[in-house]
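With these hints in hand, go ahead and build the complete structure from the sequences.
Order-wise, the sequence lines are chains B and P.
Residue 1 is where the first sequence starts when you use my numbering, and the numbers rise one by one after that.
Residue 1001 is where the second sequence starts when you use my numbering, and the numbers rise one by one after that.
I should point out that these hints are in silico values taken from the structure, not numbers from a laboratory.
Yeah, the Cβ is synthetic: ideal placement off N, Cα and C, and Gly gets one too.
Each statement offered as a hint is correct.
Stretch by stretch, here's where chain P covers chain B in the computed footprint (C-beta under 8 Å, at least three residues):
(1) 17-24
(2) 28-39
(3) 96-106
(4) 111-119
In silico contact screen, one side only, chain P against chain B (beta carbon under 7 Å); selected entries:
(5) Arg1005
(6) Ala1062
(7) Leu1129
Here is what each chain is made of, one letter per residue.
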Amino acid sequence: MIPRLTAALDFQAQALTLRSERQRLIAGNIANADTPGYKARDFDFASTLRAASAARDPAGNGGIASGVLPRTTAGGQIQPTLRYVQPSQTNLDSNTVDMDRERGNFMDNALKYDAALRFINGNVRTTLEAMRSHTQG
Amino acid sequence: MSMLRIFDVASSAISAQSQRLNVVASNLSNADTVAGPDGAAYKARQVVFQTALMGPPGQREANVGVRVSTIAEDQTPGRRVLDPKHPSADEQGYVTYSNVNPVEEMVNMISASRSYQNSVEVMNTARSLLQKTLQMGQG
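In structure tokens, the structure reads:
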């Protein structure tokens, strides 16, 4: 019973963790926008989240589409596979940070982090509401 | 809490960019200097940025800050102007000014200020996200 109550929360928590991971990565890219030779990095959010939820729930219906098992740390946390970004324009100092794209990604990721937070809040509120109406009625 | 590391990364970028602005300021103010502290003409300085891995070992590869590795001096010869009456003129009557290119320095300044603003924005966004995270389950 209890695991079922928190199953949806688990998924959102996983999404939140990965979003914060990605936020940090993009912050690093923006910080190194002027570093010569720096290669911008990112990870595929959808496939990482799918792998993460499949790893957490082996019998679940998540499934690993890419067939790549994610790396995990000692705490069982998923470590996303970092990939180098394909530069849209070459640069004389071989830096591949595209500021427009990074800013866009940063905003997009911040918004989706916020969305995941709201999902969690809504979920908690729904559960609390269900408990409260039971005690009152 | 990987979001907390964003502050380290963004503040390293902010301090590196402010050091760059500092160097631009010294270059611009010395654009018409005849002699530097060593008696020779002032040489334009440029910061060299380098990626700095931050945070505890094991998760350093994702925390990529930036730092100033060296401050390089521009070695191109300075501008020479014929002015025999000038106290710093050499035997041929030429005065050697600094090799600062004010146009380049202005462009450098605008670039540094943009990057600085970007890092500040990154910090502000991270702060508001973290504040919302702290209020999780209350609203």
